[in-house]
Amino acid sequence: MDCSKKHKGFTLRFLEHTADVGIEVIAPDKKSALEAAGCALLNLIIDTSSVENKEKFEINLGPFTDDGDMLFEFLNEIIYLADAKSVVFRSVSVVEVSEIIKAYLEGEQFNPSKHIIKEQVKAATYHQLVFEKIDKGWFARVIFDV
Amino acid sequence: MLGGKLRKISDVEYVLEKSYKEGMQVNGVIFADSELLEQAIKDKAIEQVANVAFLPGIVKASIAMPDIHWGYGFPIGGVAATDPEQGGVISPGGVGFDISCGVRVMRTDLYLREVERHIDRLVDALAVNIPKGVGSTGKIKTKRKELEEICVKGARWAVEKGFGWKEDLDYIEERGTFPNADPSKVSSKAFERGSDQPGTLGAGNHFLEVQVVEKVFDEKVAEVFGLFEGQLVIMVHSGSRGFGHQICTDYLRVMDAAVRKYGFKLPDRQLACAPVESKEGKDYFAAMACAVNYALCNREILGHWVRFSLEQALKMPAERMGVSLIFDVSHNIAKFEKHNVDGKIKVLCVHRKGATRAFGPGREDLPEKYRKVGQPVIIPGDMGSASYILVGTKEGEEKAFASTCHGAGRVMSRAEAKRKIRGSELKSSLEARGIRVVSGSMSLLAEEAPEAYKDVNRVVDVCEKAGLSKKVAKLRPLAVVKG
Numbered sequence: 003m004d005c006s007k008k009h010k011g012f013t014l015r016f017l018e019h020t021a022d023v024g025i026e027v028i029a030p031d032k033k034s035a036l037e038a039a040g041c042a043l044l045n046l047i048i049d050t051s052s053v054e055n056k057e058k059f060e061i062n063l064g065p066f067t068d069d070g071d072m073l074f075e076f077l078n079e080i081i082y083l084a085d086a087k088s089v090v091f092r093s094v095s096v097v098e099v100s101e102i103i104k105a106y107l108e109g110e111q112f113n114p115s116k117h118i119i120k121e122q123v124k125a126a127t128y129h130q131l132v133f134e135k136i137d138k139g140w141f142a143r144v145i146f147d148v
Numbered sequence: 011m012l013g014g015k016l017r018k019i020s021d022v023e024y025v026l027e028k029s030y031k032e033g034m035q036v037n038g039v040i041f042a043d044s045e046l047l048e049q050a051i052k053d054k055a056i057e058q059v060a061n062v063a064f065l066p067g068i069v070k071a072s073i074a075m076p077d078i079h080w081g082y083g084f085p086i087g088g089v090a091a092t093d094p095e096q097g098g099v100i101s102p103g104g105v106g107f108d109i110s111c112g113v114r115v116m117r118t119d120l121y122l123r124e125v126e127r128h129i130d131r132l133v134d135a136l137a138v139n140i141p142k143g144v145g146s147t148g149k150i151k152t153k154r155k156e157l158e159e160i161c162v163k164g165a166r167w168a169v170e171k172g173f174g175w176k177e178d179l180d181y182i183e184e185r186g187t188f189p190n191a192d193p194s195k196v197s198s199k200a201f202e203r204g205s206d207q208p209g210t211l212g213a214g215n216h217f218l219e220v221q222v223v224e225k226v227f228d229e230k231v232a233e234v235f236g237l238f239e240g241q242l243v244i245m246v247h248s249g250s251r252g253f254g255h256q257i258c259t260d261y262l263r264v265m266d267a268a269v270r271k272y273g274f275k276l277p278d279r280q281l282a283c284a285p286v287e288s289k290e291g292k293d294y295f296a297a298m299a300c301a302v303n304y305a306l307c308n309r310e311i312l313g314h315w316v317r318f319s320l321e322q323a324l325k326m327p328a329e330r331m332g333v334s335l336i337f338d339v340s341h342n343i344a345k346f347e348k349h350n351v352d353g354k355i356k357v358l359c360v361h362r363k364g365a366t367r368a369f370g371p372g373r374e375d376l377p378e379k380y381r382k383v384g385q386p387v388i389i390p391g392d393m394g395s396a397s398y399i400l401v402g403t404k405e406g407e408e409k410a411f412a413s414t415c416h417g418a419g420r421v422m423s424r425a426e427a428k429r430k431i432r433g434s435e436l437k438s439s440l441e442a443r444g445i446r447v448v449s450g451s452m453s454l455l456a457e458e459a460p461e462a463y464k465d466v467n468r469v470v471d472v473c474e475k476a477g478l479s480k481k482v483a484k485l486r487p488l489a490v491v492k493g
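Chain order of the listed sequences is A and B.
Just so you know, we're using my numbering here: the first sequence kicks off at 3 and counts up by one.
Just so you know, we're using my numbering here: the second sequence kicks off at 11 and counts up by one.
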């Protein structure tokens, strides 16, 4: 999923809290809900249209205690990669969701003269965390520590 | 109010009865005046005070400071002490992601009037010498072995490498080295994130300020702290950076599993915890201690760049300018401390999340110089108004496990601040008031606008009226350096 583009069939809402920021996502299925939540996180950090897909990173995670834990782990893995490797991302693609997640992130090295960081995101939290199947597809809610 | 369960004790103290929610083990105690209380209720932070009261082994009360605001799990401005002998727990959420986020103030012998013409040069030097911003990497690249040394030695590592003075260590909480750190309890991911961040300010609400002592409230204590009106001082606010964030993230998962293992019933998953004496609890404490040491080392290195910048700008050795550390104290931490519980002295695990330790006079833990008057407490305000130096009290030890506020406390969400305030306009308006601003990001600057915070003067006044701490000096910002 190219995070710089709008995608049909998805709903995204940013939640305002006094100190932190949250997101709510509705997507047609579990895989795309993970991608949409990942994109929401990336767009919190940076204008993803300013990022070029020059490097690819593979994510392999799992097993998880439950779906909430899956979302928590997935988003925190993105935060870890961005910080540890000093990269910014534009695209998220989840290729497998079962007891494990296999996904790819694409982006480039952070360049302060090219990329403007909108928000420092420290972590995804368990607070008010929801990742569940609903009538319309899958619903995710995450509060980030910023 | 709150179903009639909130009882007014005084103009600055309220009790939330434990019958407010089934499962609360103790009452909530909120130190606030009517206006700050109203903000906290509106913000739903009081619900979080109630939720913290569910923690197994919590003693006395779930306590909120006047700068309380909504957090995730714990409120920001929350204090909770648990008794390890009674199955008391330790919770990473009660410390926060930015483990040992804290502040230090460095004094000088200089009057502002003597050096005013050099302030721009000083700010320019700080802007160059202080690594700052999101993902900022420092001038110090550390290999795994050195990071492990930092984990164990804390600020002492920095001093041994020449980034700081030996005498600084006496004026850092725990003499610069937090005990019981075990790097084997820290993940490779955390080490990876921490490898090039020692000696970096970071972003968000972290900052460095050049300030002047505007007013001294207590001459006797100010003299002991080395403070006088018109004096140039520097304040540094930073933490354990990505290293600490990753440790918190890693152990939240461990604690999430522990909650199920020990059969705890908690109203919020982010309150995940384990008994202090369990393997999970001990492992977290040992890893958290590494992050505390990382933060203490980080601020010591930043202090070194402050001295270096002062020397560059004023062309004088730091020793001749009397650049020394008043104190360095964390406001996101869990510590074992002795406190009086129902007439008995007990060792408790005290969580302070957005709250500052404020020991009164006589505590052996304090440097000898401060033992007679109490611990210096450093309160960073917002960048447009003021910061404070307070001193801890005996009364605060009894009422709030020796804790007081940690800042002004947010009142406006980051998004709202960005909508209402433009970073560039804010910079211009602060500069028109004589406050120079150096910021890597105008967007992040807008989030930290003075309007986004409560009135710090009101917050410290409530702390004083409640007996938690006393005002010693008020500091006015001259220049702000932010990520």
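It should be emphasised that the hints constitute simulated quantities derived from the structure, not laboratory data.
Virtual Cβ for every residue (Gly too), placed ideally from N, Cα, C.
Worth double-checking, as some hints may not be accurate.
Unchecked claim - Estimated spans, in silico, between C-beta atoms of each pair: (1) Lys-289(B) - Lys-56(A): 30 to 38 Å; (2) Gly-11(A) - Arg-432(B): 29 to 37 Å; (3) Leu-17(A) - Glu-32(B): 23 to 31 Å; (4) Glu-101(A) - Lys-18(B): 34 to 42 Å; (5) Ala-267(B) - Glu-60(A): 23 to 31 Å; (6) Thr-67(A) - Asp-130(B): 34 to 42 Å; (7) Lys-52(B) - Pro-30(A): 35 to 43 Å; (8) Pro-30(A) - Met-11(B): 43 to 51 Å.
As the list claims (entries may be wrong) - Listed next, the in silico SDA-like pairs over lysine to any residue satisfying Cα-Cα at most 25 Å (straight line): (9) Lys-199(B) - Glu-110(A); (10) Lys-199(B) - Pro-114(A); (11) Lys-271(B) - Ile-102(A); (12) Lys-87(A) - Glu-156(B); (13) Lys-289(B) - Phe-66(A); (14) Lys-151(B) - Ala-86(A); (15) Lys-54(B) - Gln-130(A); (16) Lys-348(B) - Lys-404(B); (17) Lys-135(A) - Pro-277(B); (18) Lys-199(B) - Lys-7(A); (19) Lys-199(B) - Val-96(A); (20) Lys-87(A) - Arg-127(B); (21) Lys-7(A) - Pro-277(B); (22) Lys-437(B) - Val-97(A); (23) Lys-430(B) - His-117(A); (24) Lys-31(B) - Ser-6(A); (25) Lys-87(A) - Lys-430(B); (26) Lys-199(B) - Leu-46(A); (27) Lys-28(B) - Lys-430(B); (28) Lys-120(A) - Arg-429(B); (29) Lys-87(A) - Lys-151(B); (30) Lys-199(B) - Leu-63(A).
As the list claims (entries may be wrong) - Stretches of chain A that chain B covers, calculated by requiring three or more beta carbons in the stretch to come under 8 Å of a beta carbon on chain B: (31) 4-15; (32) 95-102; (33) 137-145.
Now the hints, each set against the structure:
no.	hint	result
1	Lys-289(B) - Lys-56(A): 30 to 38 Å	43 Å, violated
2	Gly-11(A) - Arg-432(B): 29 to 37 Å	35 Å, holds
3	Leu-17(A) - Glu-32(B): 23 to 31 Å	27 Å, holds
4	Glu-101(A) - Lys-18(B): 34 to 42 Å	53 Å, violated
5	Ala-267(B) - Glu-60(A): 23 to 31 Å	26 Å, holds
6	Thr-67(A) - Asp-130(B): 34 to 42 Å	55 Å, violated
7	Lys-52(B) - Pro-30(A): 35 to 43 Å	37 Å, holds
8	Pro-30(A) - Met-11(B): 43 to 51 Å	44 Å, holds
9	Lys-199(B) - Glu-110(A)	20 Å, holds
10	Lys-199(B) - Pro-114(A)	23 Å, holds
11	Lys-271(B) - Ile-102(A)	23 Å, holds
12	Lys-87(A) - Glu-156(B)	19 Å, holds
13	Lys-289(B) - Phe-66(A)	21 Å, holds
14	Lys-151(B) - Ala-86(A)	13 Å, holds
15	Lys-54(B) - Gln-130(A)	13 Å, holds
16	Lys-348(B) - Lys-404(B)	13 Å, holds
17	Lys-135(A) - Pro-277(B)	22 Å, holds
18	Lys-199(B) - Lys-7(A)	31 Å, violated
19	Lys-199(B) - Val-96(A)	22 Å, holds
20	Lys-87(A) - Arg-127(B)	42 Å, violated
21	Lys-7(A) - Pro-277(B)	38 Å, violated
22	Lys-437(B) - Val-97(A)	45 Å, violated
23	Lys-430(B) - His-117(A)	24 Å, holds
24	Lys-31(B) - Ser-6(A)	44 Å, violated
25	Lys-87(A) - Lys-430(B)	34 Å, violated
26	Lys-199(B) - Leu-46(A)	22 Å, holds
27	Lys-28(B) - Lys-430(B)	39 Å, violated
28	Lys-120(A) - Arg-429(B)	13 Å, holds
29	Lys-87(A) - Lys-151(B)	14 Å, holds
30	Lys-199(B) - Leu-63(A)	14 Å, holds
31	4-15	violated (count 0)
32	95-102	violated (count 0)
33	137-145	violated (count 1)
Of the numbered hints stated above, those contradicted by the structure are hints 1, 4, 6, 18, 20, 21, 22, 24, 25, 27, 31, 32, 33, listed in ascending order.
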